[in-house]
Amino acid sequence: MWKFTVRRILIMIPQIILLSVLVFIMAKMMPGDALSGMVDPNVDPERLDEIRENLGWNDPWHIQYADWVGGVFQGDLGQSFRFKMPVTEIIGQRIVNTFWLSVATLVFTYLISIPLGITSGRYNDSLLDQAITSYTYIGFATPLFIFALVMLWVFGFMLGWFPTSGSVAPGLEPGTFEYVMSKIYHLILPAFSMALITTVNTVQYLRSEIIDTKQKDFILTARAKGASESRVYNRHILRNSLLPIAAFFGFEITGLIGGTVFVENIFGYPGMGQLFLESITLRDYSVVTSVVLLFGIASILGALLSDIILSLVDPRIRIK
206 MWKFTVRRIL IMIPQIILLS VLVFIMAKMM PGDALSGMVD PNVDPERLDE
256 IRENLGWNDP WHIQYADWVG GVFQGDLGQS FRFKMPVTEI IGQRIVNTFW
306 LSVATLVFTY LISIPLGITS GRYNDSLLDQ AITSYTYIGF ATPLFIFALV
356 MLWVFGFMLG WFPTSGSVAP GLEPGTFEYV MSKIYHLILP AFSMALITTV
406 NTVQYLRSEI IDTKQKDFIL TARAKGASES RVYNRHILRN SLLPIAAFFG
456 FEITGLIGGT VFVENIFGYP GMGQLFLESI TLRDYSVVTS VVLLFGIASI
506 LGALLSDIIL SLVDPRIRIK
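Residue numbers (the numbering used here): 206 to 525.
Just so you know, not all the hints are guaranteed correct.
Derived DMTMM-like pairs: lysine to aspartate or glutamate, alpha-carbon spacing no greater than 20 Å straight-line [said to hold, decoys possible]:
#1 K388 - E378
#2 K233 - D281
#3 K421 - D330
#4 K419 - D330
#5 K289 - E483
#6 K419 - D334
#7 K233 - E483
#8 K208 - D512
#9 K388 - D417
Label pairs and their computed distance ranges (CB to CB) [as the list claims (entries may be wrong)]:
#10 V359 - A271: 24 to 32 Å
#11 Q269 - F350: 29 to 37 Å
#12 R287 - S331: 34 to 42 Å
The set of hints was computed from the structure by calculation and includes no laboratory data. Because the structure is a prediction, the values reported are computed rather than measured. The beta-carbon is built from N, C-alpha and C at its ideal position, and this holds for glycine as well.
Produce the complete structure using the sequences and hints provided.
Structure representation (structure tokens):
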């Protein structure tokens, strides 16, 4: 097992290097920079060129990349030109919010998908199964940002059950019970909105696994031996159907990355997704490259986690 894990980690290293190069080059290819269109038009263009020269923005891309990588290894992701502070501090302020939003979304996702998938697979072709399947089809067809806007409008503005922006109520002291409860309260609506859409894949996959497992020979044998229906489902069908779901846990993390970009901006939730779009709008490329690189690394680590879990579930896939 450890050989498989080490080999996957070694494969991951060139992936991260290639990702960093592509992210850096694409950021530099974007039109303009942090000084474009955002300064006083009366400023002398020669002065702007002098600033760009002093900042090293006119150097060849490979020199800028080498300087940037050297700073990354020292824990320095550069300076944000628009936020007037180190990129590491900005990301440190936002990444905690995104982390807890992702955790809450994963919890809601599995709390919803596992009971629905089990019910739909066990009672397939029933009215209950048709209702659950209809929900998944609607989820597949509904864009996340449209659904999030509807949820915000209904539960945030019309009913007023949840806050419509922010991650905590203003004026609360960090570390207090009220502060923690406010954090959780602000998390519920964006996390639940994202979970209702992301859960449909797991529901359909679990349903298909249960229906397929019910037809296997060892299930027919267990029934022929007189095993009760509850024992057949709990000890045989569910155990074998849930294992592949666990293996896709890492890919759920990867899927959340794209979702947070939309959800955080719609709900005004100050996380990495909102920071990403703000930085693109402001042409703050030092922040853009750092955020995209972190998103990419998270995706790669999610795939690694899925491979490790899958190798534990099914040892046959391990690389010898």
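Structure-based check of all given hints:
1. K388 - E378: 12 Å, holds
2. K233 - D281: 19 Å, holds
3. K421 - D330: With Cα atoms ~19 Å apart, K421 and D330 stay inside 20 Å; holds.
4. K419 - D330: Holds. K419 to D330 sits at ~14 Å (cutoff 20 Å).
5. K289 - E483: 14 Å, holds
6. K419 - D334: 16 Å, holds
7. K233 - E483: 17 Å, holds
8. K208 - D512: OK: K208 and D512 at ~13 Å, within 20 Å.
9. K388 - D417: Not OK: K388 and D417 at ~42 Å, beyond 20 Å, violated.
10. V359 - A271: 24 to 32 Å: 51 Å, violated
11. Q269 - F350: 29 to 37 Å: 34 Å, holds
12. R287 - S331: 34 to 42 Å: 56 Å, violated
When held up to the earlier numbered hints, the structure conflicts with 9, 10, 12 and fits the remainder.
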